[in-house]
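*Asks:* Residue strings, one per chain:
2 protein chains.
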Amino acid sequence: MAAAYGAVSAESGLVPLTLARRAPKADDVEIAIEFCGLCHSDVHATRGEWGAQNYPLVPGHEIVGTVNRVGSAVEDFAPGDRVGVGCMVDSCRECDSCLEGLEQYCENGMTGTYGGKDSRNGGAITQGGYSSSVVVDSRYVVRVPANLDPAAVAPLLCAGVTTFSPLRHFDVEEGDVVGVVGLGGLGHMAVKLAKAMGAAVKVFTTSEAKVPAALELGADEVILSRDEDAMAAANRSIDLIIDTVAAPHDLNPYFRTLRVDGALFQLGLPAEAMPPVNPRSLMRRRLAYSGSMIGGIAETQEMLDFCAEHNLMADIEMVSADQLNEAYRRMVAGDVKYRFVLDTSTLQAPAEEADA
Amino acid sequence: MAAAYGAVSAESGLVPLTLARRAPKADDVEIAIEFCGLCHSDVHATRGEWGAQNYPLVPGHEIVGTVNRVGSAVEDFAPGDRVGVGCMVDSCRECDSCLEGLEQYCENGMTGTYGGKDSRNGGAITQGGYSSSVVVDSRYVVRVPANLDPAAVAPLLCAGVTTFSPLRHFDVEEGDVVGVVGLGGLGHMAVKLAKAMGAAVKVFTTSEAKVPAALELGADEVILSRDEDAMAAANRSIDLIIDTVAAPHDLNPYFRTLRVDGALFQLGLPAEAMPPVNPRSLMRRRLAYSGSMIGGIAETQEMLDFCAEHNLMADIEMVSADQLNEAYRRMVAGDVKYRFVLDTSTLQAPAEEADA
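Chains as they are written, first to last, in my numbering: chain A, 1 to 356; chain B, 1001 to 1356.
I should point out that these hints are in silico values taken from the structure, not numbers from a laboratory.
Wrong hints could be hidden among the right ones.
Listed next, with one range per pair, are the computed distances between beta-carbon atoms [unchecked claim]:
#, chain 1, residue 1, chain 2, residue 2, range
1, B, G1109, A, D149, 48 to 54 Å
2, A, N121, B, A1233, 30 to 36 Å
3, A, R330, B, E1174, 30 to 36 Å
Built from N, CA and C at the ideal position, the CB exists for glycine as well.
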């Protein structure tokens, strides 16, 4: 049994729960969770804003902890290892995407870390990382480098790899100019990662108040996106834009800041329709309007190793279990720099465990 | 002086005109025009549908003819050579795009073959290929391979290179699957070119009547885009879509037919806004929604050489000057397979020339 916090209905907010985790099978790793990042997706999912959910639902897909025990066939991990789990805990392992290490695009649908149907485990609904432990197939577990603060690593498992993946896909390197739209959990990681890859970084924000913070994160320039002159001055100056804004916004002014063969990767998913992209914006410079989701498992490990090499972590604010609902309110209000992380030692021990 | 057909106002239709062409300067080639393709852009431009125009306006940017005389510095062309001119006759020659052979994306704006401001020639407005002759800087002239029918080559200078360029940019080769949306001047060339590159081709059309024609052009499969079952059956089966439709249409169903890392290149430019692209369509397979315009000069030559190697030409219907207005009516109605070409021998000789 595991202590947890989750929603019991779309309106319940987060309440203390007890979860039954499966005993590790041959390929499984049982992880004692230390930290779990709070992602905007968690808010949408627990509130049923992205479609009907099975309740109770324990969110959390930015998990860091230590290995408690491993199944008989596990060779890559041993008790005591510090490990991480991101947004998926399984996929079909057979389709072209899975075989290419793009499990996030599994043709048969990857299994989300929470709220997913765990077909290899009797179709149980997966439960996430706001919990004291989790059992995950070792193929979907990554190693956390020893030189990084484990709490500040947690957000890398979603926010980190989600921004790392398109930067790598576009082969960002020294001499490139990367634009980052929005400065939240994803945006602040995009700035750090792009800088570490050697790019110059321009941050777009609607808020003058965010200018000092953007510069502090390493941005070379901050552009107020509602200032038409500033946007015009950025004309044809950027190779790749990482757009992390999850509210509908007009992309056409951003396309004008891209060079020929530039690309804009949208990573946030607004609930309402985006304003239409003018095809002329794309045609006149052969631009690509793209999007992507997290990264594959091998790429997640590559991202962690890259962060270890460059000593990169998320900027976090730690919360205890009893602060989770307040943290959700602050996330929705944009009042966090830049990611909340739950300290799972503050979860109540389940009664059953206390009895054992 | 040159005989020509052009518009004298947005409402005039095409009427006989006489043009004064400049005497060839050192780098110029004077071309006796034999054939000129009729492009949809010509209709929009002469009618002022893409913004205010200077009149008179002689359209035509799919020009094939023979060299009449050359300027003193021209070494690549000699009288009697068969040559072509496409959509541009100049560009700045200094910006990164020009230096990379992407003159169509010239940062200072390329000079269109008609209706463009010819800054190196006193700012005169360029006049196009519905004409008995034209004088063009040799840098913007390409060589027409001897084994191709020159009339059927004319449409390659716009419709050919516009589809060739994204196919090459995406490195289409044997084993790839290319989708083609729309079967007009551009679409029919996209089918031929993609097949010649070794790809399998699926044509999307709204019209059951076009199925036999698509198969005759070489399509491996024809999908009726309004048939939801047929669209569902094409799920995740295509690497690259060349979309040639210039009317607003919903792209989201097409994205579902693309494989991971697939791309859709939009080449037609609707006058009204397109329905919004759902970013989720892009994110769930890391797709790119792109667009491009024609091709560079070197790429245009490469396209012609490719067509010579594969014996590829446009399917054309020849028209005489007095049939131009009727041909425009039929183009707007979609009643052409697949490109009209003007036989410039049917232009009236200018009175001045007759006097000489």
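*Asks:* Hints first: check each against the structure and report whether it holds.
*Replies:* Cross-check of the supplied hints:
1. G1109/B to D149/A: 48 to 54 Å: At 52 Å between Cβs, range holds.
2. N121/A to A1233/B: 30 to 36 Å: holds (32 Å)
3. R330/A to E1174/B: 30 to 36 Å: violated (55 Å)
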